[in-house]
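Please put together the full structure from these sequences, using the hints given.
Each residue of the sequence shown is one higher than the last, beginning at 2 in the numbering used here.
Just so you know, these hints were derived from the structure itself, not from any lab. Fair warning: there could be bad hints in the mix.
Below 25 angstroms or equal to it, Euclidean Cα-Cα: the simulated SDA-like pairs (lysine to any residue) are [claimed, not checked]:
{"no.": "1", "residue 1": "K91", "residue 2": "E105"}
{"no.": "2", "residue 1": "K77", "residue 2": "A88"}
{"no.": "3", "residue 1": "K91", "residue 2": "R80"}
{"no.": "4", "residue 1": "K91", "residue 2": "E79"}
{"no.": "5", "residue 1": "K91", "residue 2": "R101"}
{"no.": "6", "residue 1": "K91", "residue 2": "R75"}
{"no.": "7", "residue 1": "K109", "residue 2": "L95"}
Distance ranges between label pairs, derived from CB positions [as the list claims (entries may be wrong)]:
{"no.": "8", "residue 1": "G76", "residue 2": "A108", "range": "47 to 55 angstroms"}
{"no.": "9", "residue 1": "E105", "residue 2": "L67", "range": "51 to 59 angstroms"}
{"no.": "10", "residue 1": "V7", "residue 2": "S40", "range": "27 to 35 angstroms"}
{"no.": "11", "residue 1": "S70", "residue 2": "K109", "range": "51 to 59 angstroms"}
{"no.": "12", "residue 1": "G76", "residue 2": "A110", "range": "45 to 53 angstroms"}
{"no.": "13", "residue 1": "F31", "residue 2": "L71", "range": "38 to 46 angstroms"}
{"no.": "14", "residue 1": "T30", "residue 2": "R72", "range": "44 to 52 angstroms"}
{"no.": "15", "residue 1": "A82", "residue 2": "A50", "range": "44 to 52 angstroms"}
{"no.": "16", "residue 1": "R80", "residue 2": "F19", "range": "51 to 59 angstroms"}
{"no.": "17", "residue 1": "V7", "residue 2": "V29", "range": "26 to 34 angstroms"}
{"no.": "18", "residue 1": "V7", "residue 2": "L71", "range": "24 to 32 angstroms"}
{"no.": "19", "residue 1": "A11", "residue 2": "E64", "range": "17 to 25 angstroms"}
{"no.": "20", "residue 1": "G57", "residue 2": "K77", "range": "27 to 35 angstroms"}
Ideal Cβ placement from N, Cα and C applies to all residues, glycine included.
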Amino acid sequence: MQAVTVLGLAFALLVAVFAIQNSAPVTVTFLKWHLVDVSLALVILGSAAAGAVVVGLLGAVREIRLRLSLRSFRGKAERLAHDLAAAREKVANLEGAVARLEGEARAKARELEAARERVQALEVELEATQVMEVLPRAQDETGPGREPQSQQGADQEGGTRDEPFGLRSGA
Numbered sequence: 002m003q004a005v006t007v008l009g010l011a012f013a014l015l016v017a018v019f020a021i022q023n024s025a026p027v028t029v030t031f032l033k034w035h036l037v038d039v040s041l042a043l044v045i046l047g048s049a050a051a052g053a054v055v056v057g058l059l060g061a062v063r064e065i066r067l068r069l070s071l072r073s074f075r076g077k078a079e080r081l082a083h084d085l086a087a088a089r090e091k092v093a094n095l096e097g098a099v100a101r102l103e104g105e106a107r108a109k110a111r112e113l114e115a116a117r118e119r120v121q122a123l124e125v126e127l128e129a130t131q132v133m134e135v136l137p138r139a140q141d142e143t144g145p146g147r148e149p150q151s152q153q154g155a156d157q158e159g160g161t162r163d164e165p166f167g168l169r170s171g172a
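Here it is as structure tokens:
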């Protein structure tokens, strides 16, 4: 900024020196206007002043546009910062939900594994029960037609060999 100011002052000094050295009266014609016997110094200084005013106006218009753009960009930046904060909060909430669901999934996996182990144990028990029902029953030493001693006691108590645990069918 200081360099522009220094250059502007140097240019103004050169224009002033040029105007002072060329002070002869001249006739100025612009479109339909005619100025007769006007000092060349006034014409030069007037032209420099008009140029400065035009440059100043163009600079002011540019400055206004830049300020409006800056205001617009600041508004966008604030909205984007708000959106970013909301997105980060949403990510944090989702990460918490993911962690919670992962914990629930691990708990369900443990429950599933325990259930599988129970099913395997029940299958083993079922196979053992089926094997016990398929095995032939031991014959008593007295002969094939007689019931073993242990079963005779069961018959007296109300049970038969075909009715385990003393339960009778049809009762």
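Status of each hint after checking the structure:
| no. | hint | in the structure |
| --- | --- | --- |
| 1 | K91 with E105 | holds (21 angstroms) |
| 2 | K77 with A88 | holds (16 angstroms) |
| 3 | K91 with R80 | holds (16 angstroms) |
| 4 | K91 with E79 | holds (18 angstroms) |
| 5 | K91 with R101 | holds (15 angstroms) |
| 6 | K91 with R75 | holds (24 angstroms) |
| 7 | K109 with L95 | holds (20 angstroms) |
| 8 | G76 with A108: 47 to 55 angstroms | holds (48 angstroms) |
| 9 | E105 with L67: 51 to 59 angstroms | holds (56 angstroms) |
| 10 | V7 with S40: 27 to 35 angstroms | holds (29 angstroms) |
| 11 | S70 with K109: 51 to 59 angstroms | holds (56 angstroms) |
| 12 | G76 with A110: 45 to 53 angstroms | holds (50 angstroms) |
| 13 | F31 with L71: 38 to 46 angstroms | holds (40 angstroms) |
| 14 | T30 with R72: 44 to 52 angstroms | holds (47 angstroms) |
| 15 | A82 with A50: 44 to 52 angstroms | holds (46 angstroms) |
| 16 | R80 with F19: 51 to 59 angstroms | holds (54 angstroms) |
| 17 | V7 with V29: 26 to 34 angstroms | holds (32 angstroms) |
| 18 | V7 with L71: 24 to 32 angstroms | holds (27 angstroms) |
| 19 | A11 with E64: 17 to 25 angstroms | holds (24 angstroms) |
| 20 | G57 with K77: 27 to 35 angstroms | holds (30 angstroms) |
Of the numbered hints listed earlier, not one is contradicted by the structure.
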